[in-house]
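Number of protein chains: 2
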Amino acid sequence: MPVASTPSITIAQWAEQVRAGDVRAVSRAMTEIENRTGDAENLMRELFPHTGNSYCIGITGAPGTGKSTLVDRMAAHYRSQKQTVGVIAVDPSSPFTGGAILGDRIRMQGHASDSGVFIRSMATRGSLGGLSQATSDAALLLDAAGKHYVLVETVGVGQGEVEIVRLADCTLVVLVPGMGDDVQNLKAGLMEIADIFVLNKADREGADRFKQQLHAILQLVPERNGWKPPIVLTVATENQGIDELSREIERFRAHFHGKSERRAKEIALWRERLLNLLRERLVRRVVDKLATDGTLESLAAEVAERKRDPYSAVNEMLKRAGLGSER
Amino acid sequence: MPVASTPSITIAQWAEQVRAGDVRAVSRAMTEIENRTGDAENLMRELFPHTGNSYCIGITGAPGTGKSTLVDRMAAHYRSQKQTVGVIAVDPSSPFTGGAILGDRIRMQGHASDSGVFIRSMATRGSLGGLSQATSDAALLLDAAGKHYVLVETVGVGQGEVEIVRLADCTLVVLVPGMGDDVQNLKAGLMEIADIFVLNKADREGADRFKQQLHAILQLVPERNGWKPPIVLTVATENQGIDELSREIERFRAHFHGKSERRAKEIALWRERLLNLLRERLVRRVVDKLATDGTLESLAAEVAERKRDPYSAVNEMLKRAGLGSER
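Heads up: the sequence lines are chains X and G, in that order. Read in order, the letters of the first sequence correspond to residues 352 to 678 in our numbering. Read in order, the letters of the second sequence correspond to residues 352 to 678 in our numbering.
Treat the hints with care, since some could be wrong.
When chains are identical, the list treats them as one kind, so a pair holds in a single copy or across two.
As the list claims (entries may be wrong) - No more than 20 Å apart at the CA atoms, straight line, and that leaves these computed lysine to aspartate or glutamate pairs for EDC-like:
1. K658 / E556
2. K616 / D554
3. K658 / E617
4. K670 / E631
5. K610 / E653
Calculated directly from the structure, the hints in this document are not laboratory data. Source: prediction; values computed, not measured.
Excised from the complex, chain X in its bound form:
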């Protein structure tokens, strides 16, 4: 199959280049994935059977917790062990990229001469569902490109971020002592997604108290499949605690290796991804049909003027898109 954007190579050739770890081929694929093009879909189909080998680590936390530096140090750590690394930095709060790209350039500097590290930022283009899908494909791409570790860094702890983090084999939640005053400000959602807590900037005042409080709370949370999330203290800027963190990650990995829980989690993950993909495709189909002929716009105007209620407008959309109506 030819590549639409670059007719001189076929999808199969492109896929070969990606699998060989060719940086330019991977970069171009990332761009296509971000733009959700047909080329991206064809490439991912080709690459998909060759995925499932890398270990994906999700890193999440509020802005200012030092995630980028932590990820940078983790990448350096894995490189020192001759492991290849892919980094995807996801920023769901920034629909308008630019900063992200600048960030890439700055971050790449430390690894510029090292082809064993691939770093890419992704910002929201359109919906959060689209970003979640693009991130998932980007992680699969780096997997197919042979990276041993794929680090997915994402800002914040909203539901959208939770969806993005869900693709990780192991999720780190990064906290900083003194942010938002107290452990009690921790969201319940964090407890649910954290496999390992990283207490970064641990040289700050109050770190020990914060750790104790967090530890006390964790006692109240039931274990998941025999795993109790450990708390690792780091000072990423000083490269402190990275070794211990990587040991905890390996311990987690070993704990779930080959377990049925891991398989169940993977199936649940794919269930979600398939639904996301389905959602995206169904909506795209309806929008293609209704946005181009102005139907969507005129229905929205009717609703804004209270001439029609939203539910009947949606039924009208379904009818006009040839998808029938429920009532």
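Got chain X sorted already, so can you dock chain G onto it with the hints?
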């Protein structure tokens, strides 16, 4: 039409009670909305023509910025002016509610004897799209119930939150000096959504410097329709700055009153809402069909085992759901 959950009254009677501002009728409607039931849909259809009268203010900001207290003081301010107020506190980071409900009880105490204030927390049940839809309906409900002001408070600044905030007529972004170190940590997305910046906890050290920095950045941002977002300093716990904040809100309201930009914004908003509703409905339809017979589960397992790629799995889902396939 009878009410499924309470057959003793009709939807029309229930709608009448809501429009009269009956607290119990509104509370029950909120629960139905949160659970996305058929009763909720029927009720909202009935109420929809009676909406469009209240002024919706969105309040967003990171955890720990004091949004709840600010919203509380704003509600008290409007009450002192004999205006009725509805408050919706949205927490997209907490799929597991409980805390939210406790929070409601604590927050209601200050207004417990005042039927002119209605406060409700909403947490994510299922997808973020569902929450966004529920929040939108909740705001319409309070609108139909005759509240002069509807305050929608939401945590964080992710894309999901942006979608939720988009329903507001006026959006406040709450910042605190010294959080995340510096103004440079502000996300581009915030600049896009803020109609007014609230610098809360302004008695903290560094507030003036923070305001100056923010002011300098705002100089670089192009005006939207002749409006430059002001920066209001508040100390919500001390009830300081609330008067000025409400004056700025009224100034913003007057600035856009009757303007074509406001109409365009409303149409764009309804366009998004209709698409959300459509998405929800299409996916529910497919899931109802495929989840019950195990198709979704077995396809997800095939993909997890790399026996099938995700794109062909989605095509299979579309085919089995009777929605055809694209390719």
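(message) When Cα atoms must be at most 20 Å apart, do K658 and E617 count as within-copy, between-copy, both, or neither?
(response) The answer is between: 14 Å across copies meets 20 Å, while 46 Å in one copy does not.
(message) When Cα atoms must be at most 20 Å apart, do K658 and E556 count as within-copy, between-copy, both, or neither?
(response) neither (59 Å within a copy, 52 Å between copies)
(request) Evaluate K610 and E653 at a C-alpha cut-off of 20 Å and name the case that applies: within, between, both or neither. (result) between (54 Å within a copy, 18 Å between copies)
(request) Since the copies are identical, ignore which copy is meant and state whether K670 and E631 lie within 20 Å (CA to CA) inside a copy, between copies, both or neither. (result) both (19 Å within a copy, 16 Å between copies)
(message) I want to check one pair: K616 and D554. Are their C-alpha atoms no more than 20 Å apart within a copy, between two copies, both, or neither?
(response) For K616 and D554, neither the intra-copy (36 Å) nor the inter-copy (48 Å) Cα distance is at most 20 Å.
Consistency with the previously given hints fails for numbers 1, 2, ordered from lowest to highest.
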